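The number in the numbering used here is simply the position in the sequence shown, starting from 1, with 1168 added.
Mixed in with the good hints, there may be bad ones.
[Said to hold, decoys possible] In silico DSSO-like cross-links for lysine-lysine, where the CA-CA straight-line distance does not exceed 27 Å:
1) 1330 to 1309
2) 1330 to 1306
3) 1309 to 1269
4) 1269 to 1330
5) 1306 to 1269
6) 1331 to 1269
7) 1269 to 1310
8) 1180 to 1191
[Claimed, not checked] Cβ pair distances, simulated, as ranges:
9) 1301 to 1248: 26 to 34 Å
10) 1285 to 1251: 16 to 24 Å
11) 1252 to 1299: 26 to 34 Å
Source of the hints: derived by calculation from the structure; they are not laboratory data. These numbers were taken from a predicted model, which means no experiment stands behind them. C-beta atoms are modelled at their ideal positions from N, C-alpha and C, and glycine is treated no differently.
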Amino acid sequence: LLATSNYVNFTKHQFDVAYEQLKTEIENYRKQVINSPHRKLFLEEHETPLNTNVTYEVTTIHKLDHNKHHSPVLPQSDALYTSIPIQNWTQQNVMDFLNDKNLHQFTLLCNDMDGPALQQLYAFCNNNSPTAFESLHKQLKKKCIDDDLSPIEYTRFISEMKKLSIDIPPPVRSGACTIS
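Using the sequences and the accompanying hints, generate a full structural model.
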């Protein structure tokens, strides 16, 4: 500690002696700060008069529950998307659909998707369910460290998309590699 140009060297003195010197230096430094003209001026400028009513605002901070999903829950939409073919859905229509169906984890995964992209995702999920689930799970982990893709929400997504009567093209099988 360097204060008022007095250096306490623990290697030169016995520990108890150096410790006492250090305590003295700290005490002297505190006295200097308390009696400093800058501190007195600061306190005078920022001092609250005794007859002034002071009100305090209390802010409550709630601890996040890591078991709950942290995506924003929006109010129910006007369901305008129901009158539009999914091929013409905008990003907002997709978000409204996912929110209305309480697919909150998918709102994080699909926040930049329009209708055709959502159709492609559904086709991918429907044709490659285990692979799709794992891929979406990893993608959600990248976006939200504390969030896991729920198998129940994944299944609900497929179910809600199926209700839209979307024709899914069959999976493309490559004939290039034949093993006999």
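Against the structure, the hints:
no. : hint                     : verdict
1   : 1330 to 1309             : 26 Å, holds
2   : 1330 to 1306             : 24 Å, holds
3   : 1309 to 1269             : 22 Å, holds
4   : 1269 to 1330             : 13 Å, holds
5   : 1306 to 1269             : 22 Å, holds
6   : 1331 to 1269             : 12 Å, holds
7   : 1269 to 1310             : 23 Å, holds
8   : 1180 to 1191             : 17 Å, holds
9   : 1301 to 1248: 26 to 34 Å : 30 Å, holds
10  : 1285 to 1251: 16 to 24 Å : 20 Å, holds
11  : 1252 to 1299: 26 to 34 Å : 30 Å, holds
Every hint, counting from the list given before, is met by this structure.
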